[in-house]
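Student: Protein chains in written order, with our numbering: chain U, 86 to 444; chain L, 86 to 444.
Treat the hints with caution; some may be incorrect.
Identical copies carry no separate label here, and so any pair may be met within one copy or between two of them.
Restricting the straight-line Cα-Cα distance to at most 25 Å, the calculated cross-link-like pairs of lysine to any residue (SDA-like) are [said to hold, decoys possible]: (1) Lys315 with Glu296; (2) Lys115 with His230; (3) Lys118 with Gln244; (4) Lys419 with Gln441.
Because the hints were derived from the structure by calculation, they are not lab data. Model, not experiment: these values are computed from the prediction.
There are 2 protein chains.
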Amino acid sequence: MKTLEVSLAERSYPIYIGQNLLSQPELIQKHIKSKEVLIVTNETVAPLYLEQLEAALTNYKHQAVILPDGEEFKNLDVLNQVFDKLLEARFSRQVTLIALGGGVIGDMAGFAAACYQRGVPFIQVPTTLLSQVDSSVGGKTAVNHALGKNMIGAFYQPQCVLADTNTLNTLDDRQLASGIAEVIKYGLINDAEFFEWLEHNMSALKNRVPEALAYAIERSCQDKADIVAKDETEQGVRALLNLGHTFGHAIETGMGYGNWLHGEAIATGMLMAADLSARQGWMQHADVQRIRAIFEEAGLPVIGPAEMTVEQYMALMSVDKKVQAGVIRLILLKGIGQATISDDYDVTMLQETLTQFQA
Amino acid sequence: MKTLEVSLAERSYPIYIGQNLLSQPELIQKHIKSKEVLIVTNETVAPLYLEQLEAALTNYKHQAVILPDGEEFKNLDVLNQVFDKLLEARFSRQVTLIALGGGVIGDMAGFAAACYQRGVPFIQVPTTLLSQVDSSVGGKTAVNHALGKNMIGAFYQPQCVLADTNTLNTLDDRQLASGIAEVIKYGLINDAEFFEWLEHNMSALKNRVPEALAYAIERSCQDKADIVAKDETEQGVRALLNLGHTFGHAIETGMGYGNWLHGEAIATGMLMAADLSARQGWMQHADVQRIRAIFEEAGLPVIGPAEMTVEQYMALMSVDKKVQAGVIRLILLKGIGQATISDDYDVTMLQETLTQFQA
């Protein structure tokens, strides 16, 4: 097992990464400060891992709330089911919430914890690669609104994160690839050496070799933690983590939540960012090809959905959180491992990129 | 005009107290960091003060969302109307929310600001005495859940508070008295001298003498700010501010939100706390009489609702946020100006108090 400490002053916490972590009760117990636990999970994950987690909580008052599975259920109405359960079972302000599931469950359980009685502790047990490398670090929690993704939320840090690589064995290939997209993102942002490692180890990741997965998770979390530590509430450099996300959120919203997986949408989005960066003369076309090649090897889409028009992209991108004073700020690339925040790009070239990626 | 600085490290902010503040645009403008403003108000307050506030915002992109008036609308569904408006009008993460109204509007606008895009700035313009002395200080924001009051919320500080005493002229007498209940609370908690001042100046407050109101608001805010500065997220001493609230919330919930005003419910609740304290031998019966007398002079209820049974009180009080490990922690009195947190009271005496206060 590897332990990574996320340093955020009084809100620091450890991430545990390795095999069989769910069968070590003492790991999770030492981060529960009271005798009350509510597990938040979904219909897909509950049959797989709920019993194992509950076995670690026999000495606690514990219950579970099982939500429907999918990004389309990440909204205020479904969130209210968590509050219903907390209040019906009279959980006090000392309750610890445990998120058992992927990114949607982590986002919702974390936001519920941020809001219940104005804040109770929570623990993340991410069961997908995407959530192990993304939601584990950074404290972003949220639900979607019909008019925009992650528009209602809070910055809220967990007590600890348990990334058990065993749980990745039950992921389907498409979900695994979606997580790999987020892993590649860290290489592209500020870790060219990691990007090269990924180019050489993609088949080990796709074959779920535990050591390769653990290394990729640890390095991704470390890269993300370094950035978050510099900018907890996203006033500046943290925005780099949104590489591919302004394009990707437009695809997710435009296609309806859940039809494109998050990693699929941001993979295409990152390639769009690279394409625009190359058009601007900021990076080599050969590097764009390396990015396209690694996504293809990972089994990720390298073209946008046929249905979406340039006008639709522009409309959806302009409601993104990164818009300032009407200008869409984008995360672009000055090369592999050199992401940059920019509102200084040519809008015509942006439209050329969007046209290029229509299937 | 008086200015009171609430000291909370990097989240400190000023409270401006005085007459005609709404007609001084520069006061509010210097606390708006962007060019985007959404005013959150309600159907009662909008016809009275919205135009005046909007006149101070002519140079800004500004809109207003007008919510229904009343505690019964302080819920997630109505909160979502604020998010709808923010997203339909494409307000960015730089938007400032302004709460124009009483405590319900302040709580909802503040919570919306805490959550929109994971946090945008907000300004409080409280238009009731209760909200000027209560919601102005402390950063508590929340909505109600069908099973409990203020169960979903956040600690979130405003950029500034504008307490314009002119707005109190449009309050009806019952609303004014409700605010006076909260003012008296500060005397009871830790300011016996202020309690005496209130005993001598109650008719000036009821007659809305501006100097008396401004003094009572300033002193209440100062008393509250002193406590909050010691304990921003209510781990300890801040709980004293809940004097009368565990009983009072039970009345509000039991009677249905909006039927008893908040100040009315907590006035009765404070008297119940005093009665129980006297039964315990912790304070003089003569002091309980002084408390009863000041509430009567203020026009506040000194007896509970006829409909509520002891069992109902006990059930409702046990879901309160102050419950720890199954024991209802109460704020009781060791005398006027000496509130104390206690779970060391005789439950039989608590039931005697509850019986005593059945109408």
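Student: Now look at each hint and say whether the structure bears it out.
Tutor: Each hint tested on the structure:
1. Proximity of Lys315 and Glu296 under a CA criterion of 25 Å is satisfied in neither setting, with 29 Å inside one chain copy and 48 Å between copies.
2. Proximity of Lys115 and His230 under a CA criterion of 25 Å is satisfied in neither setting, with 36 Å inside one chain copy and 31 Å between copies.
3. In this assembly of identical chains, Lys118 and Gln244 lie within 25 Å of each other by CA distance solely inside one copy; the values are 10 Å within and 34 Å between copies.
4. For a Cα distance limit of 25 Å, the shortest separation of Lys419 from Gln441 inside one copy, 20 Å, qualifies, whereas the shortest one across copies, 75 Å, does not.
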